[in-house]
Amino acid sequence: HFPLNGLCMQVSSAWLNSGEDSETIAKKNYAILGGMIRLYEKSNGDDDIMKPNALSFRLVLESLLAHNDRGMKQRLWETFQLAQKYTIADMQSYMIMIHVLSSVGNEKMAERANMLLREAVEISMSPSPTCIDVDVTI
5 HFPLNGLCMQ
15 VSSAWLNSGE
25 DSETIAKKNY
35 AILGGMIRLY
45 EKSNGDDDIM
55 KPNALSFRLV
65 LESLLAHNDR
75 GMKQRLWETF
85 QLAQKYTIAD
95 MQSYMIMIHV
105 LSSVGNEKMA
115 ERANMLLREA
125 VEISMSPSPT
135 CIDVDVTI
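Numbering (the working numbering), first residue to last: 5 to 142.
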(Lines of atoms letter the chains of each structure in order from A and count residues from 1; the text may use other names and numbers.)
(Lines give C-alpha, C1' and ligand atoms only; values in the text may rest on other atoms or scores of the structure.)
Protein backbone atom coordinates (compact mmCIF):
# COMPACT_ATOMS: atom_id res chain seq x y z
CA HIS A 1 0.00 0.00 0.00
CA PHE A 2 1.19 3.46 -0.87
CA PRO A 3 0.43 6.30 1.60
CA LEU A 4 -1.97 8.07 -0.71
CA ASN A 5 -3.04 10.58 1.93
CA GLY A 6 0.58 11.81 2.10
CA LEU A 7 0.65 12.24 -1.67
CA CYS A 8 -2.67 14.08 -1.63
CA MET A 9 -1.34 16.43 1.02
CA GLN A 10 1.76 17.15 -1.05
CA VAL A 11 -0.41 17.99 -4.05
CA SER A 12 -2.71 20.17 -1.91
CA SER A 13 0.30 21.96 -0.50
CA ALA A 14 1.72 22.41 -4.00
CA TRP A 15 -1.56 23.98 -5.14
CA LEU A 16 -1.57 26.26 -2.10
CA ASN A 17 1.89 27.54 -3.07
CA SER A 18 1.36 27.48 -6.85
CA GLY A 19 0.57 31.15 -7.35
CA GLU A 20 -2.60 30.07 -9.14
CA ASP A 21 -5.74 32.12 -8.48
CA SER A 22 -7.44 31.44 -5.15
CA GLU A 23 -10.63 30.05 -6.72
CA THR A 24 -8.72 27.38 -8.66
CA ILE A 25 -6.69 26.43 -5.58
CA ALA A 26 -9.80 26.16 -3.38
CA LYS A 27 -11.64 24.03 -5.96
CA LYS A 28 -8.66 21.72 -6.58
CA ASN A 29 -7.94 21.15 -2.89
CA TYR A 30 -11.63 20.67 -2.09
CA ALA A 31 -11.80 18.08 -4.91
CA ILE A 32 -8.65 16.27 -3.70
CA LEU A 33 -10.11 15.97 -0.19
CA GLY A 34 -13.44 14.77 -1.60
CA GLY A 35 -11.61 12.09 -3.58
CA MET A 36 -9.72 10.93 -0.50
CA ILE A 37 -12.95 10.67 1.49
CA ARG A 38 -14.71 8.71 -1.29
CA LEU A 39 -11.81 6.23 -1.53
CA TYR A 40 -11.75 5.83 2.23
CA GLU A 41 -15.53 5.24 2.28
CA LYS A 42 -15.17 2.64 -0.51
CA SER A 43 -12.71 0.73 1.66
CA ASN A 44 -15.47 0.65 4.33
CA GLY A 45 -13.15 2.58 6.62
CA ASP A 46 -10.66 -0.31 6.64
CA ASP A 47 -7.89 1.41 4.76
CA ASP A 48 -6.10 3.83 7.09
CA ILE A 49 -3.69 4.69 4.31
CA MET A 50 -6.62 6.41 2.57
CA LYS A 51 -7.96 8.10 5.69
CA PRO A 52 -7.62 11.87 5.44
CA ASN A 53 -5.67 13.24 8.39
CA ALA A 54 -5.89 16.54 10.25
CA LEU A 55 -3.38 18.24 7.97
CA SER A 56 -5.26 17.33 4.78
CA PHE A 57 -8.33 19.06 6.20
CA ARG A 58 -6.32 22.09 7.31
CA LEU A 59 -4.85 22.55 3.82
CA VAL A 60 -8.40 22.70 2.44
CA LEU A 61 -9.50 25.12 5.17
CA GLU A 62 -6.53 27.36 4.32
CA SER A 63 -7.36 27.17 0.61
CA LEU A 64 -10.99 28.09 1.21
CA LEU A 65 -10.03 30.89 3.57
CA ALA A 66 -7.80 32.43 0.90
CA HIS A 67 -10.71 32.39 -1.57
CA ASN A 68 -13.33 34.52 0.08
CA ASP A 69 -16.50 34.07 -1.98
CA ARG A 70 -20.15 33.77 -0.94
CA GLY A 71 -20.16 30.01 -0.45
CA MET A 72 -16.80 29.95 1.32
CA LYS A 73 -18.04 30.05 4.92
CA GLN A 74 -20.51 27.22 4.29
CA ARG A 75 -17.80 25.07 2.66
CA LEU A 76 -15.41 25.90 5.50
CA TRP A 77 -17.96 24.74 8.06
CA GLU A 78 -18.74 21.55 6.06
CA THR A 79 -15.04 20.76 5.72
CA PHE A 80 -14.46 21.32 9.42
CA GLN A 81 -17.39 19.03 10.30
CA LEU A 82 -15.90 16.35 8.04
CA ALA A 83 -12.57 16.81 9.84
CA GLN A 84 -14.35 16.14 13.12
CA LYS A 85 -15.98 13.03 11.64
CA TYR A 86 -12.81 11.47 10.22
CA THR A 87 -10.10 12.65 12.55
CA ILE A 88 -9.43 15.06 15.36
CA ALA A 89 -9.02 18.47 13.82
CA ASP A 90 -5.73 20.13 14.68
CA MET A 91 -5.51 23.32 16.71
CA GLN A 92 -4.78 25.49 13.68
CA SER A 93 -8.01 24.27 12.08
CA TYR A 94 -9.88 25.20 15.25
CA MET A 95 -8.23 28.62 15.19
CA ILE A 96 -9.24 29.17 11.55
CA MET A 97 -12.85 28.21 12.28
CA ILE A 98 -13.09 30.27 15.47
CA HIS A 99 -11.69 33.28 13.61
CA VAL A 100 -14.10 32.87 10.69
CA LEU A 101 -17.18 32.24 12.83
CA SER A 102 -16.46 35.11 15.21
CA SER A 103 -15.96 37.53 12.32
CA VAL A 104 -19.46 36.85 10.90
CA GLY A 105 -21.07 39.10 13.48
CA ASN A 106 -24.24 37.27 14.45
CA GLU A 107 -25.25 35.50 17.65
CA LYS A 108 -25.59 32.01 16.17
CA MET A 109 -22.06 32.10 14.74
CA ALA A 110 -20.68 33.56 17.97
CA GLU A 111 -22.24 30.62 19.85
CA ARG A 112 -20.66 28.17 17.37
CA ALA A 113 -17.28 29.87 17.84
CA ASN A 114 -17.68 29.60 21.61
CA MET A 115 -18.59 25.91 21.34
CA LEU A 116 -15.48 25.25 19.19
CA LEU A 117 -13.31 27.13 21.66
CA ARG A 118 -14.58 24.87 24.47
CA GLU A 119 -13.86 21.79 22.32
CA ALA A 120 -10.36 23.01 21.48
CA VAL A 121 -9.62 23.60 25.17
CA GLU A 122 -10.91 20.12 26.07
CA ILE A 123 -8.77 18.50 23.37
CA SER A 124 -5.65 20.42 24.35
CA MET A 125 -6.18 19.52 28.04
CA SER A 126 -6.79 15.82 27.39
CA PRO A 127 -3.87 13.59 28.42
CA SER A 128 -4.13 11.33 25.36
CA PRO A 129 -1.94 12.41 22.43
CA THR A 130 -4.84 12.12 19.97
CA CYS A 131 -4.45 15.68 18.75
CA ILE A 132 -1.00 16.23 17.40
CA ASP A 133 -0.48 19.58 15.73
CA VAL A 134 1.98 19.03 12.95
CA ASP A 135 3.14 21.67 10.56
CA VAL A 136 4.50 20.04 7.45
CA THR A 137 5.94 22.57 5.06
CA ILE A 138 6.96 21.16 1.73
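Since the hints were made in silico from the structure, they are not lab data.
Some hints could be false.
As the list claims (entries may be wrong) - Have a look at the derived ranges for each label pair, beta carbon to beta carbon: (1) 14 x 96: 30 to 38 Å; (2) 46 x 112: 31 to 39 Å; (3) 115 x 23: 35 to 43 Å; (4) 42 x 18: 16 to 24 Å.
To be verified - The list that follows gives simulated cross-link-like pairs (lysine to any residue, SDA-like), each with its CA atoms no further than 25 Å apart: (5) 32 x 55; (6) 55 x 106; (7) 89 x 24; (8) 55 x 74; (9) 55 x 73; (10) 55 x 128; (11) 77 x 130.
Glycine included, each C-beta is placed from N, C-alpha and C at the ideal position.
Consistency of the hints with the structure:
1. 14 x 96: 30 to 38 Å: Between residue 14 and residue 96, where Cβ atoms are some 18 Å apart, the hint is violated.
2. 46 x 112: 31 to 39 Å: For residue 112 against residue 46, whose Cβ atoms are near 35 Å apart, the range 31 to 39 Å holds.
3. 115 x 23: 35 to 43 Å: Holds: the Cβ-Cβ distance is about 38 Å, inside 35 to 43 Å.
4. 42 x 18: 16 to 24 Å: holds, 21 Å
5. 32 x 55: It holds: about 18 Å lies between the C-alpha atoms, which stays within 25 Å.
6. 55 x 106: The hint is violated at about 30 Å.
7. 89 x 24: violated, 30 Å
8. 55 x 74: Violated - the C-alpha atoms of residue 74 and residue 55 are around 29 Å apart, more than 25 Å.
9. 55 x 73: violated, 28 Å
10. 55 x 128: Holds, at about 22 Å.
11. 77 x 130: Outside the cut-off at roughly 29 Å; violated.
Against the hints set out earlier in the document, violations occur for numbers 1, 6, 7, 8, 9 and 11.
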